[in-house]
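Protein chains: 2
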Amino acid sequence: MKSDLDALMQDRRLDAILVFGDAEYNPPMYYFVGGGHVSSALLIKKVGKEPVLFYNDMERDEAARSGLKTVSFSEFPMTDFMEQANGDMQLAVALNFRRIFSEFGLSGGRAAVYGRMELSHLFGVLMKLASVMPELELVGESGMDSTLLRAMETKDDLEIARIRQIGAVTTTVVQMVQDYLTACDVREDEVLLKEDGSPLTVGDVKSKIALWLAERGAVDVEGVIFAIGRDAGVPHSVGAPEDLMTLGKTIVFDIFPAEKGGGYFFDFTRTWSLGYAAPEAQSLYDQVREVYDKVIENLDLNASFIDYQRMTCEYFESKGHKSQLNTKAPLEGYVHSLGHGVGLNIHERPWSALTAAGDNLLKPGVVISIEPGLYYPDKGMGVRIEDTYWVRPDGKAELLADYPYDFVLPMKKWKKEVGSKK
Amino acid sequence: MKSDLDALMQDRRLDAILVFGDAEYNPPMYYFVGGGHVSSALLIKKVGKEPVLFYNDMERDEAARSGLKTVSFSEFPMTDFMEQANGDMQLAVALNFRRIFSEFGLSGGRAAVYGRMELSHLFGVLMKLASVMPELELVGESGMDSTLLRAMETKDDLEIARIRQIGAVTTTVVQMVQDYLTACDVREDEVLLKEDGSPLTVGDVKSKIALWLAERGAVDVEGVIFAIGRDAGVPHSVGAPEDLMTLGKTIVFDIFPAEKGGGYFFDFTRTWSLGYAAPEAQSLYDQVREVYDKVIENLDLNASFIDYQRMTCEYFESKGHKSQLNTKAPLEGYVHSLGHGVGLNIHERPWSALTAAGDNLLKPGVVISIEPGLYYPDKGMGVRIEDTYWVRPDGKAELLADYPYDFVLPMKKWKKEVGSKK
Numbered sequence: 002m003k004s005d006l007d008a009l010m011q012d013r014r015l016d017a018i019l020v021f022g023d024a025e026y027n028p029p030m031y032y033f034v035g036g037g038h039v040s041s042a043l044l045i046k047k048v049g050k051e052p053v054l055f056y057n058d059m060e061r062d063e064a065a066r067s068g069l070k071t072v073s074f075s076e077f078p079m080t081d082f083m084e085q086a087n088g089d090m091q092l093a094v095a096l097n098f099r100r101i102f103s104e105f106g107l108s109g110g111r112a113a114v115y116g117r118m119e120l121s122h123l124f125g126v127l128m129k130l131a132s133v134m135p136e137l138e139l140v141g142e143s144g145m146d147s148t149l150l151r152a153m154e155t156k157d158d159l160e161i162a163r164i165r166q167i168g169a170v171t172t173t174v175v176q177m178v179q180d181y182l183t184a185c186d187v188r189e190d191e192v193l194l195k196e197d198g199s200p201l202t203v204g205d206v207k208s209k210i211a212l213w214l215a216e217r218g219a220v221d222v223e224g225v226i227f228a229i230g231r232d233a234g235v236p237h238s239v240g241a242p243e244d245l246m247t248l249g250k251t252i253v254f255d256i257f258p259a260e261k262g263g264g265y266f267f268d269f270t271r272t273w274s275l276g277y278a279a280p281e282a283q284s285l286y287d288q289v290r291e292v293y294d295k296v297i298e299n300l301d302l303n304a305s306f307i308d309y310q311r312m313t314c315e316y317f318e319s320k321g322h323k324s325q326l327n328t329k330a331p332l333e334g335y336v337h338s339l340g341h342g343v344g345l346n347i348h349e350r351p352w353s354a355l356t357a358a359g360d361n362l363l364k365p366g367v368v369i370s371i372e373p374g375l376y377y378p379d380k381g382m383g384v385r386i387e388d389t390y391w392v393r394p395d396g397k398a399e400l401l402a403d404y405p406y407d408f409v410l411p412m413k414k415w416k417k418e419v420g421s422k423k
Numbered sequence: 002m003k004s005d006l007d008a009l010m011q012d013r014r015l016d017a018i019l020v021f022g023d024a025e026y027n028p029p030m031y032y033f034v035g036g037g038h039v040s041s042a043l044l045i046k047k048v049g050k051e052p053v054l055f056y057n058d059m060e061r062d063e064a065a066r067s068g069l070k071t072v073s074f075s076e077f078p079m080t081d082f083m084e085q086a087n088g089d090m091q092l093a094v095a096l097n098f099r100r101i102f103s104e105f106g107l108s109g110g111r112a113a114v115y116g117r118m119e120l121s122h123l124f125g126v127l128m129k130l131a132s133v134m135p136e137l138e139l140v141g142e143s144g145m146d147s148t149l150l151r152a153m154e155t156k157d158d159l160e161i162a163r164i165r166q167i168g169a170v171t172t173t174v175v176q177m178v179q180d181y182l183t184a185c186d187v188r189e190d191e192v193l194l195k196e197d198g199s200p201l202t203v204g205d206v207k208s209k210i211a212l213w214l215a216e217r218g219a220v221d222v223e224g225v226i227f228a229i230g231r232d233a234g235v236p237h238s239v240g241a242p243e244d245l246m247t248l249g250k251t252i253v254f255d256i257f258p259a260e261k262g263g264g265y266f267f268d269f270t271r272t273w274s275l276g277y278a279a280p281e282a283q284s285l286y287d288q289v290r291e292v293y294d295k296v297i298e299n300l301d302l303n304a305s306f307i308d309y310q311r312m313t314c315e316y317f318e319s320k321g322h323k324s325q326l327n328t329k330a331p332l333e334g335y336v337h338s339l340g341h342g343v344g345l346n347i348h349e350r351p352w353s354a355l356t357a358a359g360d361n362l363l364k365p366g367v368v369i370s371i372e373p374g375l376y377y378p379d380k381g382m383g384v385r386i387e388d389t390y391w392v393r394p395d396g397k398a399e400l401l402a403d404y405p406y407d408f409v410l411p412m413k414k415w416k417k418e419v420g421s422k423k
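For the protein sequence lines, the chains are A and B, in the order given. The first sequence begins at 2 in the working numbering and counts up one residue at a time. The second sequence begins at 2 in the working numbering and counts up one residue at a time.
If you are wondering where the hints come from, they were derived from the structure by calculation, not from laboratory data. Owing to the predicted nature of the structure, the values given are computational and were not obtained by experimental measurement. Incorrect hints may have been included.
Identical copies carry no separate label here, and so any pair may be met within one copy or between two of them.
Heads up, simulated DSSO-like pairs for lysine-lysine below, C-alpha to C-alpha not over 27 Å straight-line [to be verified]:
{"no.": "1", "residue 1": "K209", "residue 2": "K195"}
{"no.": "2", "residue 1": "K416", "residue 2": "K209"}
{"no.": "3", "residue 1": "K417", "residue 2": "K320"}
{"no.": "4", "residue 1": "K195", "residue 2": "K414"}
{"no.": "5", "residue 1": "K195", "residue 2": "K413"}
{"no.": "6", "residue 1": "K70", "residue 2": "K209"}
{"no.": "7", "residue 1": "K329", "residue 2": "K70"}
{"no.": "8", "residue 1": "K320", "residue 2": "K364"}
{"no.": "9", "residue 1": "K380", "residue 2": "K329"}
{"no.": "10", "residue 1": "K397", "residue 2": "K417"}
{"no.": "11", "residue 1": "K413", "residue 2": "K3"}
{"no.": "12", "residue 1": "K397", "residue 2": "K3"}
{"no.": "13", "residue 1": "K413", "residue 2": "K209"}
{"no.": "14", "residue 1": "K70", "residue 2": "K414"}
{"no.": "15", "residue 1": "K397", "residue 2": "K416"}
{"no.": "16", "residue 1": "K295", "residue 2": "K323"}
{"no.": "17", "residue 1": "K323", "residue 2": "K380"}
Can you build the whole structure from these sequences, using the hints too?
Listed below in structure tokens is the structure:
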């Protein structure tokens, strides 16, 4: 939680955290500022002090809305250094940063740099800052285990409320998709039809998802996975827009919307087969469901997240599938990790990969996805089930948005013929 | 254009461009890959060679869709270096990059780094790469004038077609907003009402804008400015969601949507006053319109964009307003630049600021916004008019989406009373 930040900074011997960039779609800045149209800003968080936000005058009202201590960049004109920098803009910015840091009591020590933004210019500036201010060590922390990700790892009640709310939006939209698909007419070759009689494509379904999310104040800014058949068998294949929606094929529907403006995410997956299922797909589904239930039943406060990944690998290997336990980078079977933290980043601490550090624990306050899956692209099928859970302070893992686990979705206007060869 | 890239790289003595991050919402990677769900990728563009895209196995289908030469990261496992790196993940990544670069013929020289992504981890990796591979100079180019921004500055026909298309979406949605607002009922205190009889807010209008854009495959990922009254007088104030829509106040509606997935932008602004206008607001509007027309009439092929900014400042100062010509960082009057390039970045070359370099020219192929404005927050008013133009190879500046310039929008169900004190 944010209240852990000073202690975490002390653990890492950080004197300051420096965050660059916009407040929107930039998790480190959003975490402090709370979003809004504050662009090309700088935030200085010194250990033991309140953060200070530097903004551009045109965005003074938006900056003020953050509730933070704010300072206008116009009090520190970069142009003061253009002569000294001999026209080198990046050097002038670096010299200006040195002045700002010094005036705010940061004249040396260790400062971690953060911010989701275009790298090129800032990289040039920071290299120049390092040379004009060698007494300040600029630290680029690991993307898996930074000080900020450690603070973000556990959520407070307000954050949980927001994640729960985006979860409710998510399952509402999933239900709308299910209702829409199962109400479609079906052509003789088992292709679903739109209202106008033309074939329904993956692209059509995705447009509806984007629309239904937007209506509810959410965005699928990271995309949505809606993949059928072979694409369902490749975990991160998002689905080819031209693919036709067809009965009897596995559909992996992985939806991870965020609050508009780059706020909190939710992560959710269901796998469906419309009308009927191939027996082999049903068997994969049953196995994924079984290990999912087993993991959920066994979630323990402060246990290692990685232990559940191992449990999942062992279960799948006992059923004859490959996994990362004994195969390096498998392309079929169980090919990914069990889950991850969910927050302002769609993927964040704690991690569950077998190679992750041992301190990825189910601490009170973490929000995690649990998402076992099996993938056989060459057989044209894939299965994943995913929900998002909150590990409460009382130790219970609470499902943040529930939704049925039906695999075969009956079609309202279509029935399997008796004696059909399918 | 992309075809200029090798010559531009030679001008800057660059042996390579290195792009990091996802293909979506990351302009440098999008420029090469064309979007899609390719995450945490690496692209190497050597001078005189075709680019090579390194991808993660789970996204092999998406990577293949780019049409580029692709290589799986699984051929270069980072784990090969974990022992040598003594468990330091960033060092292992840096050593792995050194191996990849060497195998692809980049064992030294100058390489510019690019990519919109979280800075912290990559900054750490690049610092370590610089120390294990000192023969490769990593260059962070200016965000105003990088090699890639110079290539992107002029657009080919396909890019123009895409910008024109998003422009058509933009003006369609603006028309829908105009139709919606002018059809509203009006309360006695001149507040607009929703269908259910409650007051219409800025937040309500913005939700509709997001929805109507999503229905058309566009996103307002950078936000939309819909600001009334005092907020209209602060150029980048996006508008407070709780503000009530009211007659007779200036409304600055600046909409800059992009293609879904982080593609091309469009940039467009109209200022409206519903029902009637305050005489002072009308006078500001007339001045903005006059200088807008003057600029458009005078746009010349290969002229300096900055000259038009100077022309605009001089015009506004002749009318008694402050501008950047004689006032440092004015907070009222004409407070910003005339326009900017528009492409995969909402703001890109060419630039028009008085402080911009002299080579920001209206070259054939540039796409620019023209957006003069006047702002008086303390008087509760602001005005801006903005359109996006393409400077064609034949020298004509072509408006990429047209829309009427009405300032006062008559309300369908409301008429100003004769003898009203307004």
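With 27 Å as the alpha-carbon cut-off, assign the pair K209 and K195 to within, between, both or neither.
both (12 Å within a copy, 25 Å between copies)
Up to 27 Å CA-CA - K417 versus K397, copy category
neither (42 Å within a copy, 62 Å between copies)
I want to check one pair: K195 and K413. Are their C-alpha atoms no more than 27 Å apart within a copy, between two copies, both, or neither?
This pair counts as within: shortest intra-copy Cα distance 14 Å, inter-copy 37 Å.
Between copies, within a copy, both or neither: which fits K323 and K380 at Cα up to 27 Å?
within (15 Å within a copy, 69 Å between copies)
Check K397 against K416 for me: Cα-Cα at most 27 Å, and say if that holds within a copy, between copies, both or neither.
Classified as neither: same-chain Cα gap 42 Å, cross-chain 61 Å, threshold 27 Å.
At 27 Å max between alpha carbons, let me know whether K320 reaches K364 within a copy, between copies, both or neither.
neither (31 Å within a copy, 64 Å between copies)
One pair to classify: K413 and K3, alpha carbons no more than 27 Å apart. Within, between, both, or neither?
Classified as neither; 49 Å inside a copy, 51 Å across copies.
Can you give me the call for K397 and K3, within, between, both or neither, at a CA distance of at most 27 Å?
within (22 Å within a copy, 55 Å between copies)
At most 27 Å between CA atoms: does that hold for K413 and K209 within a copy, between copies, both, or neither?
within (20 Å within a copy, 32 Å between copies)
Check K295 against K323 for me: Cα-Cα at most 27 Å, and say if that holds within a copy, between copies, both or neither.
Within. Shortest intra-copy distance 19 Å satisfies the 27 Å Cα cut-off; inter-copy 69 Å does not.
Up to 27 Å CA-CA - K414 versus K195, copy category:
within (13 Å within a copy, 39 Å between copies)
Cα distance capped at 27 Å. Does K380 pair with K329 within a copy, between copies, both, or neither?
Classified as within: same-chain Cα gap 21 Å, cross-chain 67 Å, threshold 27 Å.
The structure fails hints 3, 6, 8, 10, 11, 14 and 15 (numbered hints given earlier, in ascending order).
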